[in-house]
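> All chains should be built: construct the whole structure from the sequences, respecting the hints.
The residues making up each chain are set out below.
Protein chains: 4
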Amino acid sequence: MDLGITDRVRPLIEAVRQMVEDEIAPLDAEFHAEVGKHPSGDRFQHTPRQLEILDGLKAKARERGLWNFWLTDSDKGFGLSTVEYAYLAEEMGKVGIAAEVFNCNAPDTGNMEVLERYGVQWMKDRWLARLLEGEIRSAYVMTEPDIASSDAAQLAFEAKRDGDDFVLNGEKWWISGAGDPRCGLYILMACTDPGAAKHQRHTMFVMDPDLPGIEVLRPMQVFGHDDAPHGHMHIRFTDVRVPVSHIVLGEGRGFEVAQGRLGPGRIHHCMRAIGQAEKALELMSRRALSREAFGKRIAELGANFDILANARMEIEQARLLCLKAAWMMDTAGVREAQPWISQIKVVAPLMALRVIDEAMQMHGAQGISQDVPLANMWTHVRTLRLADGPDAVHRRQVARAELRKYTNQGT
Amino acid sequence: MDLGITDRVRPLIEAVRQMVEDEIAPLDAEFHAEVGKHPSGDRFQHTPRQLEILDGLKAKARERGLWNFWLTDSDKGFGLSTVEYAYLAEEMGKVGIAAEVFNCNAPDTGNMEVLERYGVQWMKDRWLARLLEGEIRSAYVMTEPDIASSDAAQLAFEAKRDGDDFVLNGEKWWISGAGDPRCGLYILMACTDPGAAKHQRHTMFVMDPDLPGIEVLRPMQVFGHDDAPHGHMHIRFTDVRVPVSHIVLGEGRGFEVAQGRLGPGRIHHCMRAIGQAEKALELMSRRALSREAFGKRIAELGANFDILANARMEIEQARLLCLKAAWMMDTAGVREAQPWISQIKVVAPLMALRVIDEAMQMHGAQGISQDVPLANMWTHVRTLRLADGPDAVHRRQVARAELRKYTNQGT
Amino acid sequence: MDLGITDRVRPLIEAVRQMVEDEIAPLDAEFHAEVGKHPSGDRFQHTPRQLEILDGLKAKARERGLWNFWLTDSDKGFGLSTVEYAYLAEEMGKVGIAAEVFNCNAPDTGNMEVLERYGVQWMKDRWLARLLEGEIRSAYVMTEPDIASSDAAQLAFEAKRDGDDFVLNGEKWWISGAGDPRCGLYILMACTDPGAAKHQRHTMFVMDPDLPGIEVLRPMQVFGHDDAPHGHMHIRFTDVRVPVSHIVLGEGRGFEVAQGRLGPGRIHHCMRAIGQAEKALELMSRRALSREAFGKRIAELGANFDILANARMEIEQARLLCLKAAWMMDTAGVREAQPWISQIKVVAPLMALRVIDEAMQMHGAQGISQDVPLANMWTHVRTLRLADGPDAVHRRQVARAELRKYTNQGT
Amino acid sequence: MDLGITDRVRPLIEAVRQMVEDEIAPLDAEFHAEVGKHPSGDRFQHTPRQLEILDGLKAKARERGLWNFWLTDSDKGFGLSTVEYAYLAEEMGKVGIAAEVFNCNAPDTGNMEVLERYGVQWMKDRWLARLLEGEIRSAYVMTEPDIASSDAAQLAFEAKRDGDDFVLNGEKWWISGAGDPRCGLYILMACTDPGAAKHQRHTMFVMDPDLPGIEVLRPMQVFGHDDAPHGHMHIRFTDVRVPVSHIVLGEGRGFEVAQGRLGPGRIHHCMRAIGQAEKALELMSRRALSREAFGKRIAELGANFDILANARMEIEQARLLCLKAAWMMDTAGVREAQPWISQIKVVAPLMALRVIDEAMQMHGAQGISQDVPLANMWTHVRTLRLADGPDAVHRRQVARAELRKYTNQGT
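Protein chains in written order, with full-length UniProt numbering: chain A, 1 to 411; chain B, 1 to 411; chain C, 1 to 411; chain D, 1 to 411.
One should not assume that every hint holds.
No copy labels: a pair is met if it fits in one copy or bridges any two.
As the list claims (entries may be wrong) - Below are the DSSO-like pairs computed for lysine-lysine, each with C-alpha atoms no more than 27 Å apart in a straight line: (1) LYS405 / LYS296; (2) LYS58 / LYS296; (3) LYS198 / LYS296; (4) LYS124 / LYS198; (5) LYS405 / LYS198.
It should be emphasised that the hints constitute simulated quantities derived from the structure, not laboratory data.
In structure tokens:
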């Protein structure tokens with residue numbers, strides 16, 4: 001069970017870390033400061049400077065061969081293992097736009113995996129190629145407003161067969177990335193047979209985002225932020241026609257596609273969260289050494305030694321657990337890895353939130369201000385306790401796996 | 001030790017609760033939606049509709065005699081005890097603009113107390129009267145950017161005597177309410193004698209906010225929000241001249257004023273936080289009963305009973321502790337009440353954050369969105385762990401009070 | 001809602017506190033050191049010295065009028081309110097045998113209440129009078145080994161009518177006080193009609209402990225301790241005949257009696273636990289001031305200020321909540337007080353365990369040794385998270401009470 | 001960083017697990033039931049049956065080659081790495097006497113390491129050989145009653161040079177294993193030069209336990225238990241003469257020996273604690289599936305899924321962290337591994353205590369009784385938060401290591 005940094009990935013980690021710190025971080029601030037400055041006033045249009053920043057960095061990354069790392073076990077990418085990629089994800093998590101610079105950002109990586117694994121050739125030609133080049137972006141259209149989407153069998157968005165098409169009606173929300181004007185693909189899960197068995201009701205479709213009848217209602221806000229221009233959009237579909245040929249894998253096999261898609265993505269999310277926790281601990285340590293009160297460095301005041309130590313201990317444990325989940329994915333497959341992925345899905349965001357919260361507190365009021373990135377990190381990581389299933393659902397999976405060791409009856 | 005609702009205050013609570021729910025809550029949303037819509041584009045200018053909302057509600061509140069409750073033990077207000085007022089603060093805490101509607105919002109109440117208690121007649125005539133009428137707003141100008149302001153003896157903002165004036169130089173930040181164009185008073189703490197004993201170095205001044213040399217640099221953001229038009233401003237003072245007559249209580253007595261000011265305000269903050277926690281528990285309970293997943297109401301899923309029960313138990317305990325601190329203030333005075341106030345300053349915000357966080361989680365992604373008030377409540381309450389001293393400083397006070405029981409040497 | 005110390009109870013508290021500290025505490029240690037020294041080797045026989053200690057202290061307590069405080073709202077005792085008594089329970093909780101010295105120990109107080117409230121005259125003459133005098137002790141015989149007794153409807157111990165008798169068969173365990181050779185009364189809950197509605201299946205009986213067919217199998221151990229001579233006994237009943245006249249309140253009304261019995265007892269338990277937490281905080285504070293390491297008093301090391309402060313804040317909150325539950329009992333009755341009692345039943349023991357645990361830790365290895373009372377306090381309080389219903393059952397009650405506010409359908 | 005089970009150690013783990021479960025566990029209960037049954041009444045004498053049990057099991061273990069695994073990186077044992085041994089320690093931790101059966105118990109392993117690494121030939125001949133054979137046991141004599149021994153520089157037990165001897169005077173306590181009549185070696189740290197630099201004041205001695213002037217005062221109790229016949233003894237030394245030749249490594253080099261000794265031992269302790277947590281989770285899972293209340297298996301009640309899931313997640317994380325600390329020990333040496341060992345020293349016992357506590361709670365009152373091993377496990381693991389340095393000291397080490405990354409000045 002080698003969870004370490006291999007010789008193969010070590011120079012990549014180093015190259016990514018340096019580019020993130022030296023080149024991406026400074027422009028990330030500028031990128032976000034540009035939001036809303038498009039002449040139209042539309043926060044979901046990139047300004048020329050934003051595109052310049054993104055495209056410039058992406059070009060550099062490609063030039064250096066730092067591109068599409070996420071394609072694990074594939075002859076298209078570096079052939080990295082999930083464990084190896086996890087270390088890269090951690091570095092990319094430290095700065096907001098970094099993952100996109102290396103063409104490794106959610107939800108595109110998951111969507112590319114769907115096409116790579118389950119797509120037919122024309123789908124690959126039409127969308128995958130351009131995604132791999134970073135020309136377009138994409139969205140994964142699953143969550144619905146009126147039901148608890150964590151119980152995915154409840155998803156009710158309707159797709160009805162009509163001749164060679166399906167006709168789609170309903171609302172989806174929290175569609176991350178659908179705000180980006182470069183978004184060129186929706187992968188959408190719809191209910192095609194409400195009367196079928198629980199995991200055969202749904203079908204996965206691919207489609208262009210500009211079909212007639214698709215209407216973006218509003219951006220959902222996260223702690224008051226619209227995360228423009230990426231965005232988490234609330235979308236209405238009215239009689240949207242999608243040809244039968246746009247089904248992925250087969251009618252009624254939507255769950256199968258969704259399951260296959262989610263494993264690696266959750267690991268990436270968690271490792272990026274760990275990257276943010278590391279960053280927060282660094283900021284907290286520097287603050288503890290540089291600030292004084294009551295005649296001492298604040299490192300030496302109150303419970304601060306304990307706070308720093310707990311942060312270190314929690315980060316190490318969460319990272320090792322993520323690496324083990326990645327190793328399970330590499331060696332035993334997504335199904336066996338599932339309870340491990342549920343474990344990290346609970347552990348990593350909660351840990352990162354605690355560490356970031358302590359880091360904010362140790363900075364005093366500055367900690368929640370625009371002068372340090374901590375508040376932004378906190379609200380971002382907070383979404384991870386809900387995305388891809390809330391903690392409670394994952395704890396339930398972990399418990400069921402545990403109890404199965406002692407019973408054949410299931411629970 | 002009567003911590004209950006007295007007959008005198010009961011009808012006031014009922015009146016406030018109804019007005020908050022029925023009249024203020026609906027307009028609160030509209031008020032905040034107007035932010036940034038001033039023709040000038042200046043987020044720190046009220047739109048006509050905002051002023052209409054505020055003034056209309058304030059007029060109604062005055063008409064009904066629901067005004068200036070906070071003036072405890074005074075012949076100017078209702079003569080309520082702090083315990084009685086605490087129950088009102090809880091109700092007012094449930095909706096953003098409610099406290100101002102009743103002329104009971106921070107930092108004005110604390111500032112009015114300073115004038116009432118330590119101000120001379122001309123100060124009262126010039127500022128207190130208009131504050132009591134709700135004509136102007138005010139700011140308390142204490143925190144500084146370059147030092148740990150929780151160790152207030154470090155405050156270095158300089159006021160140097162020059163003839164009949166003091167000349168002020170330096171920066172202050174997190175000056176809440178200083179963004180409001182109606183802000184008509186600064187109460188400012190400056191270092192007038194850096195060489196004096198620790199608690200005699202500072203002096204408290206009153207002044208108009210539009211003196212030459214005062215420059216608002218920027219609004220500080222709280223989790224990315226500028227809280228316009230109230231605002232938490234970063235302000236630079238350059239050779240600002242303030243007459244000697246504008247000193248409160250006396251040169252070198254700034255600490256004395258600051259101490260007297262902070263007790264009641266912290267109780268109000270905490271009770272408002274408890275009001276928000278109650279609101280969050282209500283939202284969480286309704287959600288638990290109305291949402292279904294896996295064939296059950298989510299109330300009956302996972303740890304949700306325990307989560308609801310823990311929220312109830314934590315709220316009750318925090319409220320009783322706040323009431324006891326208020327009772328100490330009423331019966332033993334601010335000095336004796338100090339360790340109790342430190343206790344609630346730690347307990348109440350932490351409790352409210354936990355309850356609001358669980359409520360967010362039980363709402364799924366909606367919980368952190370603009371569709372429910374929870375995310376906004378969370379970021380607001382998070383500031384309370386830093387305002388008026390971070391948790392660590394208050395825990396230190398509580399511990400020292402505890403140890404003093406066993407030693408005369410202090411610690 | 002007066003939760004304070006009344007003038008009436010203040011001198012009683014003072015008298016109890018002094019007697020506990022000055023007279024009972026020193027003999028408590030000696031009492032426990034005598035366990036197992038009876039010539040027979042039987043740990044459940046008092047040595048002459050043990051009886052001398054107990055009887056001597058009880059005589060003093062009676063002489064001073066410090067006796068049977070627990071009889072709240074009664075003309076037999078002091079007529080104290082539950083709130084007033086709660087303060088006395090806290091003092092008595094600080095030393096092991098103190099409650100018995102004042103004839104206020106569990107399970108006798110609860111049993112006396114049953115007789116007082118539901119017993120007929122001959123029962124009072126035969127058992128209550130002697131219990132009030134402290135001549136005999138008693139046991140409450142409810143918990144069963146083979147079922148989750150927290151779901152009391154499951155209790156299966158059988159009592160079958162046979163002529164004028166009921167014939168009892170089955171096992172009971174964790175029967176506290178049944179080890180004491182002075183135990184002269186069992187109050188026992190048996191299933192008399194398994195087919196009846198859930199809360200009408202059981203009947204409460206009174207009986208002498210020496211009936212033919214009653215066999216004490218063994219003492220149950222608590223963290224390896226048999227708590228001799230009090231004991232928590234495992235008892236087998238084989239064809240034990242009890243006359244119909246020994247039924248309390250009526251056949252099928254066992255639940256009614258059990259409910260009425262448990263309210264005050266839980267408050268007493270919780271206040272005694274709070275007394276132990278206070279004692280632990282005192283020991284911890286003294287230790288923090290007297291011990292040195294790394295050149296400082298340990299008070300000033302690491303997180304110790306925070307630990308002390310958290311202990312103080314948790315104790316205050318738990319005490320206020322207990323007092324509020326007591327006040328509910330006094331003013332609104334046991335039914336209305338029920339959710340409040342469930343709250344403290346969860347809160348107080350957990351709080352006391354945390355405080356005692358920190359106190360142990362701050363003492364170093366001595367903290368878990370025989371040289372300080374902390375380890376003994378911890379194991380004792382740990383039982384309270386199970387006695388009278390485990391935490392989970394009480395949290396469930398609290399949550400259901402909460403949800404009932406928003407629904408009439410129950411949950 | 002291979003943290004997995006190697007092919008070399010896999011069959012050993014399997015053999016140990018089977019022997020522990022099938023052969024040692026049943027006799028462990030009998031062994032402990034025999035305590036105190038020696039004809040003399042002396043709890044610190046083995047009964048013949050106890051010796052028969054121990055010697056019988058040890059003979060079997062040796063016969064099967066399951067002996068002295070702990071000798072990592074050595075040509076005397078299996079040459080296992082620390083990582084490999086850690087997995088074995090986990091299995092041995094599940095049953096009380098198992099570690100001794102394989103000659104792998106504390107404090108003997110640490111003491112043997114001292115002799116192996118720092119001892120001269122005659123010491124090895126006289127003590128190490130017999131320890132490796134399991135003929136004698138040993139004690140490590142360090143902790144003192146009157147000072148905070150976690151600040152080891154404070155250790156004041158005196159050894160004064162007198163001719164060719166040192167003369168020892170003082171008290172030591174918590175000397176684990178010194179109760180065992182087979183104890184044939186003390187390794188003792190004494191202050192030989194109070195005026196020297198902090199880490200050069202102390203010297204490590206080896207000696208027979210039956211020297212004139214050594215007096216065992218009493219067994220220290222752990223939650224009321226004397227852990228006979230092993231024991232944690234309080235010992236007084238009065239003018240005990242030890243020849244200069246009995247110094248290990250050199251005068252003033254006691255700290256060096258102590259540091260070298262503690263690393264592996266802490267890893268072993270932690271892995272044994274993890275073994276106990278695994279056992280507790282197994283018991284808890286089985287209970288959750290077999291017990292019913294309110295019409296359901298208790299697995300499905302309240303927060304029990306969450307409790308089981310949290311236990312699994314905490315165990316996995318703690319185990320991985322221990323394995324990483326072991327790997328650091330193997331690859332980077334004890335000095336580099338130090339902060340990692342401090343991390344697990346904090347993490348593993350706290351985790352195990354939480355898991356065992358939840359397991360007790362899920363068992364109801366039975367959980368703290370003699371009928372399940374949980375209460376015994378809890379009190380045992382609780383000692384680990386104090387042994388080899390309390391949590392606070394280790395957190396301090398972790399924090400200092402963290403801050404050193406950003407400063408060269410130390411903290």
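> Hint by hint, note whether the structure agrees.
Comparing the hints with the structure gives:
Only between protomers do LYS405 and LYS296 lie at most 27 Å apart by alpha-carbon distance; the minimum there is 19 Å, versus 53 Å within a single protomer. Within a single copy, LYS58 and LYS296 get their C-alpha atoms no closer than 45 Å, and across copies no closer than 48 Å, so neither meets the 27 Å cut-off. Taking the closest pair of Cα atoms, LYS198 and LYS296 come within 27 Å of each other only across two copies (16 Å); inside a single copy the shortest separation is 62 Å, beyond that limit. In the homo-oligomer, the alpha carbons of LYS124 and LYS198 never lie at most 27 Å apart, since the shortest distance is 29 Å inside one protomer and 64 Å across protomers.
In the homo-oligomer, the alpha carbons of LYS405 and LYS198 lie at most 27 Å apart inside one protomer (25 Å), although the nearest pairing across protomers, at 35 Å, exceeds that limit.
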